[in-house]
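Undergrad: Each chain, letter by letter, is given below.
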Amino acid sequence: MTDAKRPQRNKLNEQDAIERAKQGDAGAFELLYDLHKRRVYSLCLRMTGNTASAEDLTQEAFLQLFRKISTFRGESAFSTWLHRMAVNVVLMQLRKKNLPVVPIDETTEGEEEGIIRKELGAPDSRLAGSIDRLHLQRAVDELPPGYRTIFVLHDVEGYEHNEIAEMIGCSIGNSKSQLHKARIKLRDLLRVNRAEKVAKRS
Amino acid sequence: MNCLQFENALPDYLEGDGTSEQRAHLNSCSACSGLLADLNLISSEASSLRELDEPSVRIWNSLEAQLRREGIIKQPARSSQLDFFHRWRTAWLVPVAAALLIAAGIKLYQPAKIGDNQPVVKVITPAVPAAPVVSAEDKAILSTVASRPPAQVAAYRNDLAQANSFIRDAQEAVRNDPNDIYSQQLLMNAYEQKQMVYRLAVDQDNEDEQ
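Protein chains in written order, with my numbering: chain A, 1 to 202; chain B, 1001 to 1210.
Just so you know, these hints were derived from the structure itself, not from any lab. There may be inaccurate statements among the hints.
Straight-line Cα separation of at most 27 Å, DSSO-like style, residue types lysine-lysine; simulated pairs [to be verified]: (1) B:Lys1074 - A:Lys68; (2) B:Lys1074 - A:Lys37; (3) A:Lys22 - B:Lys1074.
All figures in this text were calculated on a predicted structure; none of them were measured in a lab.
Let the hints inform the model, and build the full structure from the sequences given.
TA: Here's what the structure looks like:
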């Protein structure tokens, strides 16, 4: 086989792959999928907390993208386009299942006051400057769906509050305050986890 | 400024809108500076979850099939299965490694031996059948593919052995911690991997007959 006839997969960069995919090239679709599959699947998994749903949504996000790839003109980055599409697919699914996309505020004023009071009585309860990634992943999975959505979109995916507000239909202020509560909840979950670990060792 | 006032203003402070009064409070309050450090840590570590998980290969398989059905992929399907096997074999090293790590981790973190004076608690584990090295079903599948080229037969045999090994490791993890959802998920993944090998053999067999 000559160089010209060898599969082009390894030589293709993303831009070439997009152009080839527009022509229906199977290898180009596969390359685009391979380049972005982990990011999209991880996003779907973090937001749903369910492997089967994450697989379905990953497939749906890529399917929607590939159906529209002929319309991609490169005004924004391909990854930006894909990730936004994946977020929309997940949010639509959450809405279909009547899961809260905007966090349901479940803390009362009294409970909020307790956050600092707990701190005052527990000077050694910090996270000690490091978090195990697996523990963080489990803690995120344990967040209520609404909090999880905001946290994943902002802290994991890097969206700004104005983008999140537009995506999920809430105010920027609401996005900020709910993100704060999500982080506080995560901190509590991680501290419980850390305390259990210490107790096991002693 | 007291701690409660500081915490109420924390979402804005984290966005970079801190006042000198808030900064002064931070300098004098270890509880609030600890809280802030933890929240910043959580936020900075979050991006490590961005590409954490490897999706199952079946997503691409069904996506590709759908793209072909809709005419979006315009090329004929590959006649050889070798590409698939290559992809499959490397992709599932990740869950196999995860299963081994979990099993090793469980062993490392097992509590010290129960003393004579302590009551013995009997742990009831679910009845998970052990996967034999070559089951009757494996033999049937291997006989189905026996007439194919030796390289393909060897690939099927190797993939079956790997699937069985993966199942055994996942079973071990489930036996050690029956309530751990990650071990349960690993076991499900292991069975799905084996199911894929079976399906591939049967599908190819049907294509050959047509």
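Undergrad: All hints are to be evaluated individually against the structure, with a verdict given for each.
TA: Structure-based check of each hint:
1. Under the criterion of a C-alpha separation no larger than 27 Å, the hint pairing Lys1074 (chain B) with Lys68 (chain A) is consistent with the structure, at around 15 Å.
2. With a C-alpha separation of about 22 Å, the suggested pair Lys1074 (chain B) and Lys37 (chain A) falls inside the 27 Å cut-off, and the hint holds.
3. Taking the CA atoms of Lys22 (chain A) and Lys1074 (chain B), the gap is about 10 Å. The hint holds against a cut of 27 Å.
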